[in-house]
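Colleague: Each chain, written out:
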Amino acid sequence: AQSVTQPDIHITVSEGASLELRCNYSYGATPYLFWYVQSPGQGLQLLLKYFSGDTLVQGIKGFEAEFKRSQSSFNLRKPSVHWSDAAEYFCAVGTPYSSASKIIFGSGTRLSIRP
Amino acid sequence: DAGVIQSPRHEVTEMGQEVTLRCKPISGHNSLFWYRQTMMRGLELLIYFNNNVPIDDSGMPEDRFSAKMPNASFSTLKIQPSEPRDSAVYFCASRPDSQNTGELFFGEGSRLTVL
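Protein chains in written order, with my numbering: chain A, 3 to 117; chain B, 78 to 192.
It is worth saying that the hints were derived from the structure and are not from the lab.
From the three backbone atoms N, C-alpha and C, an ideal C-beta is built for every residue, glycine too.
It is possible that part of the hints are untrue.
[As the list claims (entries may be wrong)] As a list, the in silico DSBU-like pairs of lysine-lysine whose alpha-carbon atoms are at most 30 angstroms apart:
(1) B:K101 <-> B:K145
(2) A:K63 <-> B:K155
(3) B:K101 <-> A:K51
(4) A:K51 <-> A:K63
(5) A:K51 <-> A:K70
(6) B:K155 <-> B:K101
[What the hints assert, rightly or not] Covered, in the sense of this in silico footprint (three residues per stretch, anywhere, with C-beta under 8 angstroms from a C-beta of chain B), are these stretches of chain A:
(7) 47-55
(8) 106-117
[To be verified] Pair ranges (Cβ atoms, derived):
(9) A:T7 <-> B:T190: 26 to 34 angstroms
(10) B:L192 <-> A:A19: 21 to 29 angstroms
(11) B:S104 <-> A:Q44: 15 to 23 angstroms
(12) B:T97 <-> A:T7: 44 to 52 angstroms
With the sequences and hints as input, model every part of the structure.
Modeller: In structure tokens:
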């Protein structure tokens, strides 16, 4: 069964600083990987996804993530954060697609932005 | 497209009462997921359906919880009887089989408080 770990519960960075949120997954083969963002009181919105091809994927709002098979990681990065990036970020893993595949989420990382 | 629609957005009830949460997935999406979000346990997958058929209900916490999908445009999650520990935000998400990438589209959630 697949699983995903986000080791950082809460991170605070200064506005304009770079950001990296960590994600490690467990799955026997190459999974589908996702990063979602949740603003307070809202549902989850997809930032980016990886399922094959180039291991560096670009997403919305200037985010990117790199799939590293050797480290079973899919870390999220942004070169310069904005105050509006304050939110909860979730990494998720899914099995290669079939009608029976499910998506499992990590516990989330809350991002705070220091003015 | 209207997106995934959940109702009610907020529900406050007393212990022992029956609670019914509703979800309308995006038209044309074949899979539907119910998640529960709490501070302690994060986002837990409760159950998911494909073409209206329950595929995996291993995340349903106990017999007090039940879910149905009578047709492609409607699903319910029922808790009977409710308990204070059921207090959480319940999310519904849908996924189109045709895209073959696994992305989920989330509703805004139903916040349940059981007193």
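Colleague: Determine for every hint whether it applies to the structure shown.
Modeller: So, going through the hints one by one against the coordinates:
1. For the hint linking K101 of chain B to K145 of chain B, the alpha-carbon distance of about 12 angstroms falls within 30 angstroms, and the restraint holds.
2. Proximity of K63 of chain A to K155 of chain B is assessed by CA-CA distance (about 37 angstroms); at most 30 angstroms being required, the pair is judged violated.
3. Note on K101 of chain B and K51 of chain A: the hinted pairing holds, with a Cα-Cα distance of about 24 angstroms set against a maximum of 30 angstroms.
4. Only pairs whose Cα atoms come within 30 angstroms are accepted, and K51 of chain A paired with K63 of chain A is accepted, the gap being roughly 14 angstroms.
5. At most 30 angstroms may separate the alpha-carbon atoms for a hinted pair to count; K51 of chain A and K70 of chain A meet this at roughly 14 angstroms.
6. A threshold of 30 angstroms between alpha carbons decides the hint, and for K155 of chain B with K101 of chain B the separation of about 15 angstroms falls inside it, so the pair holds.
7. A count of 4 residues in the segment 47-55 of chain A with a Cβ less than 8 angstroms from any Cβ of chain B is obtained; the coverage claim is therefore met, three being the minimum.
8. Look at the segment 106-117 of chain A against chain B: 5 of its residues bring a Cβ nearer than 8 angstroms to a Cβ of that chain, three or more, so the hint holds.
9. A C-beta distance of roughly 30 angstroms is found between T7 of chain A and T190 of chain B, which places it inside the suggested range of 26 to 34 angstroms.
10. In this structure, L192 of chain B and A19 of chain A break the distance hint of 21 to 29 angstroms, their C-beta atoms being roughly 43 angstroms apart.
11. Remark: the range hint 15 to 23 angstroms for S104 of chain B to Q44 of chain A is upheld by a beta-carbon distance near 22 angstroms.
12. For the hinted restraint 44 to 52 angstroms between T97 of chain B and T7 of chain A, the CB-CB distance of approximately 34 angstroms leaves it violated.
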